[in-house]
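Here the protein sequences come in this chain order: A and B. For what it's worth, the working numbering labels the leading residue of the first sequence as 1, then goes sequentially. For what it's worth, the working numbering labels the leading residue of the second sequence as 1, then goes sequentially.
Keep in mind that the hints are not guaranteed to be accurate.
Derived, one-sided and incomplete: chain B residues facing chain A with beta-carbon distance under 8 Å [claimed, not checked]:
1) L6
2) V7
3) A54
4) R64
5) A66
6) E85
7) Q91
8) M109
9) F113
10) H415
11) W419
12) E441
13) P463
14) E467
The set of hints was computed from the structure by calculation and includes no laboratory data. All C-beta atoms, glycine included, are put in the ideal place defined by N, C-alpha and C.
Number of protein chains: 2
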Amino acid sequence: MPTEQLVDVAILGAGSAGLYALGQVKRKTENFVLVDGGELGTTCARVGCMPSKAVIQIADDFHRRAIFDREGIEGGDGLSILGEEALEHVQDLRDIFVDKVLSTSTDDMGEEFIPEYARFLEPNVLQVGEQRIRAKSIVIATGSAPVVPDAWKAFGERILTTDEIFELEALPQSMAVIGLGVIGLELGQAFRRLGVQITGIDQLETIGHLDDPEVSQTAIELIGKEMPLWLGHAATIREGDGGKLAVSAGKRSVEVEKVLVCIGRRPNLDRLALHNAGIALNDEGIPNYNPNTMQIEDKPVFIAGDVNADRPLLHEAADEGRIAGINAVARKPVAFRRKTPLFITFSDPNIVQLGMRYAELDQDKTVVGSVTFGMLGRALIMGRNKGQLRLYAEKSTGRLLGASLVAPHGEHLGHLLTWCIEQNLTVQQMARMPFYHPVIEEAIQPVVRDLVAQLGLGSEEYPPDLELL
Amino acid sequence: MPTEQLVDVAILGAGSAGLYALGQVKRKTENFVLVDGGELGTTCARVGCMPSKAVIQIADDFHRRAIFDREGIEGGDGLSILGEEALEHVQDLRDIFVDKVLSTSTDDMGEEFIPEYARFLEPNVLQVGEQRIRAKSIVIATGSAPVVPDAWKAFGERILTTDEIFELEALPQSMAVIGLGVIGLELGQAFRRLGVQITGIDQLETIGHLDDPEVSQTAIELIGKEMPLWLGHAATIREGDGGKLAVSAGKRSVEVEKVLVCIGRRPNLDRLALHNAGIALNDEGIPNYNPNTMQIEDKPVFIAGDVNADRPLLHEAADEGRIAGINAVARKPVAFRRKTPLFITFSDPNIVQLGMRYAELDQDKTVVGSVTFGMLGRALIMGRNKGQLRLYAEKSTGRLLGASLVAPHGEHLGHLLTWCIEQNLTVQQMARMPFYHPVIEEAIQPVVRDLVAQLGLGSEEYPPDLELL
């Protein structure tokens, strides 16, 4: 029998979830290993949240020139994007964020960090490169990777995912974006604004994972004004003319230089040989685990972050990683409350969903309030008065259940509304909050007032937002 | 004895507070008059919130060119402001907002609206133009007007206030801004960004009414980079060369085309002859009134909006107007809860104060947490990573008491934090809220975590923001 290294905890994956787990593990033991054979620096900083926001920022700044004439700013027509410089700026920012992660994590680690992939040999035993490691607990935080159908891989460098797009040194002239979820919408719109001819394609009839039919329609109309959206048909790709790719969906076809594939991310579970640990996968291809403890079944194995495919968001990965880390060194796993779901697509306008989704509502027990942004003073001044906000409230209590919106500064409205749900606020309580003037938050005001009226919660005597002392 | 018109309610002033009062009065009686001899359309829409935000929006959009080079956007140097067009855009927007107010208020009114000034003859009796009106209740909502010392009025059109600045047809080459409260800062910085040589002057050592010494210092540093701020000395004005005005403060002097005077607003009480109603003024020159009922002493007279000089903000005027309107037709005045104070200066970065002010805190019973925006990811991406946020929490309970900040997107942080105070949230409860990534709201996270630690509120065992199920 080969020598085994004995550790209290093995953390598989040095991404956000793994590093957050590590923070908690370190509080209890120095006998751990952190294992990662892939690129370091986290999905968020390398290829996710951060570089995408950098592209979006440039795109938004450049796009504002559309309003310059009206505002009395001359020379907007003379603005242009230097693709190389713009992409370099994105890469510079990305490098800052990646360096910041590395300098506070693996850079400082000694032998506890092993730059190899791990594979289960048996429960509690891992093969990590040449080493055999026996761990009392294991945290699986191996992240996820973009899905690209094998047939498309044959098109080589013309097929992009988020792993490649931030490495580009020049902007393509044309690009199809296949998959219009968060990533496809954010990057599709941003690259469109940088001057790339974008065709957006999704086999669904909605975008940004919106399931509220009205908000979905509004979002499609607004984003569809900037770039063609081909919805409802799966895409196929074949060789086109002059080195281009011909991308078709339904009866439409376009020839493009590049294709950005954003049809989802697959959990990085394949290399782990989970069957050797006696861990089975459910119908979604994920081990069964408890989202409050992150524990897989009743095993000393925890699964945190994008690898469990539940909430692929940094702030959720941070929670999951810490819960997994705490429980990996606990005598008995402890259950933690999970936060109210909040999902933001940083398109323009932002697409935000929070709390209960439309499809989850019992329509008989729910009232819906809605507002559009056309006449909202501040939005009008900003030249961003496009969008729709829908709030869902529980009929019996008036409690805010959820919201769906495509709105200017929706990210901020999203926080405000999600915090209301966390506090179990009713629409009447919300109506009584201060709304400054003129701000985007004022969009919420008529909706909560309308919901108070719909629910008969207000007094006959006084406006619903004034509270007797 | 001349004929008297008898009415249930006379509302003096057709501004925001008066119109909100009217809305409530109309629910109970059709026998009212609305009296206003001044310009219609509300301070907010004509000369306040709205046109100032329009100037700020243009200024901010134009100012972004400073970051274009770095972002790979070419041609920023070729941008220029067409002063006439920019000012016309502001006026166009203002007209939209004014028309919207008028079309839903006085435009539709018959004889109930009297375009005259009112003057008390005796309690309950007013002289309004040629008419004598006896009113069971009276709502004073006459607003306020910019203060300009008499000596300065002699300089004629070279002296501007908010009443005149939005009427300009061309940008001045240079302008001194005297008084760096909300209005002076907003307009000073915005006109600076449009290319006007601005000198900012205030006799105080702070700006934007900030009383938190650290945040004040940060604000002075940040805004002071864009334009000279002469603090701590009162300004004097005399004739300069070539039709210019020479403005001095302390040992410094500058010659300018125009002077924008923003040293405060005086309640429009002078014309009312309040003594005839037996109403005395207190040391601040305001009648004594109850801010929860808006009633003056025990008289059937109510005072709402800017005229009471308490919270000169649209959303507060709306509350005060409605409370006054409700009570003007109530058998007995009813007391309403007032909202948590929230004050926003829409400078860049925004200056925000909410809840208890620094000077109001009992420092022995308060803990303060602070963060700067230098390394906040999203702020860095935006090129807006300048600012400071300070939170005040009650030692004994951990409750958030107030905040002072100069921050990018501070207006949104301001809403989030004010709503927390309205809910009596503790810093521990706030730490448990979802913070998305990467967003400006994340600035709050380390501060509340730090306050939880300072207060010893967290468990030894778990991070303060994770909550056991």
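| message | Checking each numbered hint in turn, tell me which of them this model violates, lowest number first. | response | 1, 2, 5, 7, 8 and 9
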